[in-house]
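Chains A and B, in that order, give the protein sequences.
Positions 1 to 360 (this note's numbering) are the ones given, in order, by the first sequence.
Positions 1 to 345 (this note's numbering) are the ones given, in order, by the second sequence.
Calculated from the structure, these hints are not laboratory results.
It cannot be assumed that every hint is accurate.
Claimed, not checked - Straight-line Cα separation of at most 35 angstroms, DSBU-like style, residue types lysine-lysine; simulated pairs:
(1) B:292 with B:179
(2) B:179 with B:121
(3) A:260 with B:54
(4) B:96 with A:260
(5) B:53 with B:228
(6) B:96 with A:68
(7) B:228 with B:16
(8) B:96 with B:54
(9) B:65 with B:54
(10) B:179 with B:53
(11) A:68 with B:60
(12) B:60 with B:228
(13) B:64 with B:16
(14) B:179 with B:64
(15) A:260 with B:121
(16) A:260 with B:64
(17) A:126 with A:333
(18) A:333 with B:53
(19) B:228 with B:65
(20) A:68 with A:333
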Amino acid sequence: MIEARPVLITVLIDTYNCGHFIEQAVDSVLAQDFPTEQMEILVVDDGSTDDTAERVRKYGDQVQYFCKPNGGQASAFNFGIERARGEIVAFLDGDDYWLPGKLNRVAGEFEQQPEAGMVYHNFFYKRNESPDELSVARLAGSSGFLSNTRESLLSYDFYPTATLAFRRSVLQRLLPVPESLVVQADAHLCACVIFVAPIVYIDQPLTVYRIHEGNLWNWAGNTPPGRRVFEGDPAARARLERQVIASRAIGVGVREWLEKNGFDVDRPDLRAFLMRWAISSRAAEFALSPPGRLQFFRYLLECYWRQFPAMNWKLGLINGWDVVGALAVGYEKFPRWEEGRERLMRRVRGWLSRAGSSFR
Amino acid sequence: MTPLITALIDTYNHEKYIEQAVGSVLEQGLSAEELEIVVVDDGSTDGTAEIIKKFAPRVKHVRKKNGGQASAFNAGFAETHGQIIAPLDGDDWWAKGKLAAVVEALQRNPEVCAVSHGYYKFYESTNEFEAIGPQEATLLNLTSPEAARVAFRNWPFLATGALTVRRELMERVIPIPEKLVFLADAPINVASLAGAVLVLPQVLSYYRLHSTNLFAVERADTGKVGRKYEMTDVMFSVLRPMLLRLGVSEACVSAFIDPPWTDANRFYLRNFGGSRLRTLRTEMRYIRTQYKKAAIGYRVFSCLVLGGASLVLPPRRFYELYDWYGRKNFGRLWRRIARRDTTRP
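Bound-form chain A, shown alone (with noise of 0.2 angstroms):
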């Protein structure tokens, strides 16, 4: 009997519509190096209208598959975490797959932290078929217990799902996931688990992140156009207007999680942690409508007043250079302007070595 084995990890597959690439998925987390009888695998499937079913169905006893109507990636994040039983929750997203080690090295960290909440690590980007093709991502992941300063809280980046484990007990505590949150569903717990429990970061890629067509919602997909202004194509609209509802939605659920546990919302830092999504949601509506130039301007320099206890001096130059340019040439000729402090870095990077080396 399943019942009778202590469970201590649950991995939660969830999947939508990634028939082609769910067995790799499956695959290698089978081929952890993880005692099974202390593993479960959940596939939530949220109703894929392809072959998913078929597909997991294969691997028989050793996958718990789940089919529920379509509800968007919170939901599917809902109905897996009421049924995992594991002590810890590993995250997989249908169309990613993990590297052989993980499992050993998250429930290691687990095992030596106990009070950690969170254990995440660096992942490959793969942007097609060849495996050649694998990049290291380049985020600042950060241990600790990021709530506790400013600075932390404002330089925390948000991975992807495949490279997620929480401990259940905590997990708990950060539900329910809005269910508005069709997409990017995982960037709530993210957000949420900071305030409860310290995290550990391993940098060491464990993950492949798949970069593909219908993966133009996760995020690296989701890099705001940044500058370039929408040119009528309705699907590139599309996709820019659900990227602005996206990036709200995550926003009010973290500040309605934030309020419902006795935070207090208007603290400066808290405020600056919101704003992460008015940002990430304001870089897509600029892309649909350009604004005036006080408009910019003024966007950019609350930005540069809140994120500003998180830069170092060298960033600050830079984004106060940029607040600038934003009064002088508008949104529309900022890129030029981009283009213009490039080369002037450039330019004084050449100095600076040229002098460096002379002094020698």
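Position chain B relative to chain A; hints supplied.
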């Protein structure tokens, strides 16, 4: 597997109509496990309560003291359990198959937080029907100022009996401020727009217009018109902070709310008078929203002239002068000197 749906009917002295409303909900053909029906009786003084009692236990009857539509929604929502909430006014009714169509749309589009559809306006006095609805399925949201203006134009499609929302959204909106006596659905409409609303082209409900319907006002009935505009003012003061709270950027909020706000205020001031400061505020906001792309000189001039005049003259005189200026088309003289719209070549 379908989630539980709640039909939330609010009623006040609708003894003639409530049977038709509840009947149209029962005729959706859903069992008690699929559909929960809650009727909130906002302190009716006629035979409404007896009629609702006939439907017990299938229909849950919530009675409360009279306190307006907002308080009825608040009290009724506390009794609901559904994942999907479909509000209905006691004097309106649904077409057959409405819930099936709406729930299917909600399940197929998890990213929208509400679904609406077309409806018939039913003029009771003449027995006429008028269909209101979009030509094709339309997605409304507040992601950019343009989208916000489109959403505002399509706001009429989000009538109470037509809009069906997810529970999560209702939890965000409830409690609705009780001072909204008869525009209580506005916060629900607007909060759903802040997410996204899908409007289906099908015509699936009926909206009755009769003389006791507070919204169907006749021009001559000035008392009612005045009350309506005061209520509109209260509504906007509730909606703006709510939208900002829901993460909508100020540019979108202003594009959505400022034009109707200035219109309502102008209408009120023109007909009922008011304080000069209110006129000033209205006109300043009008300039800010209408002349976004105007040359700086044009804006400064408008601010000075309109602002000065609105402070010197009482509101009614001010608007008489304003209309006279418009009729004589003096604007064209000024437009020769400074352009109003700098986007045009």
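Now the hints, each set against the structure:
Distance hint between residue 292 (chain B) and residue 179 (chain B) is fulfilled; the C-alpha atoms sit about 33 angstroms from each other, no more than 35 angstroms. As the CA atoms of residue 179 (chain B) and residue 121 (chain B) are separated by approximately 27 angstroms, the hinted pair is consistent with the 35 angstroms bound. A C-alpha spacing of about 41 angstroms is found between residue 260 (chain A) and residue 54 (chain B), which places the hinted pair above 35 angstroms, so the restraint is violated. Using a Cα cut-off of 35 angstroms, the hinted pair residue 96 (chain B) and residue 260 (chain A) is violated, with the two alpha carbons roughly 41 angstroms apart.
Of the pairs offered as hints, the one joining residue 53 (chain B) and residue 228 (chain B) holds, with about 33 angstroms between alpha carbons and a cut-off of 35 angstroms not exceeded. With a CA separation close to 27 angstroms, the supplied pair residue 96 (chain B) and residue 68 (chain A) stays within the 35 angstroms bound. The straight-line distance between the Cα atoms of residue 228 (chain B) and residue 16 (chain B) is roughly 25 angstroms, inside the 35 angstroms bound, and the hint therefore holds. Proximity of residue 96 (chain B) to residue 54 (chain B) is assessed by CA-CA distance (about 22 angstroms); at most 35 angstroms being required, the pair is judged to hold.
This hinted pair checks out: residue 65 (chain B) and residue 54 (chain B) have alpha carbons roughly 21 angstroms apart, not beyond 35 angstroms. At roughly 29 angstroms between alpha-carbon atoms, residue 179 (chain B) and residue 53 (chain B) fall within 35 angstroms of each other, so this suggested pair holds. Using a Cα cut-off of 35 angstroms, the hinted pair residue 68 (chain A) and residue 60 (chain B) holds, with the two alpha carbons roughly 30 angstroms apart. A C-alpha spacing of about 32 angstroms is found between residue 60 (chain B) and residue 228 (chain B), which places the hinted pair at or below 35 angstroms, so the restraint holds.
With a C-alpha separation of about 20 angstroms, the suggested pair residue 64 (chain B) and residue 16 (chain B) falls inside the 35 angstroms cut-off, and the hint holds. The hinted pair formed by residue 179 (chain B) and residue 64 (chain B) meets the criterion: a straight-line CA distance of about 17 angstroms does not exceed 35 angstroms. Simply put, residue 260 (chain A) and residue 121 (chain B) have alpha-carbon atoms about 42 angstroms apart, too far for the 35 angstroms limit, and the pair is violated. With a C-alpha separation of about 29 angstroms, the suggested pair residue 260 (chain A) and residue 64 (chain B) falls inside the 35 angstroms cut-off, and the hint holds.
Between residue 126 (chain A) and residue 333 (chain A) the CA atoms are separated by roughly 33 angstroms; this keeps the pair inside 35 angstroms, and the hint holds. Taking the CA atoms of residue 333 (chain A) and residue 53 (chain B), the gap is near 68 angstroms; set against the 35 angstroms cutoff, the hint is violated. For the proposed pair residue 228 (chain B) and residue 65 (chain B), the alpha carbon gap of about 23 angstroms is at most 35 angstroms, so the pair holds. In summary, the hint linking residue 68 (chain A) to residue 333 (chain A) is not supported, as the alpha carbons are separated by about 48 angstroms, beyond the 35 angstroms threshold.
When held up to the earlier numbered hints, the structure conflicts with 3, 4, 15, 18, 20 and fits the remainder.
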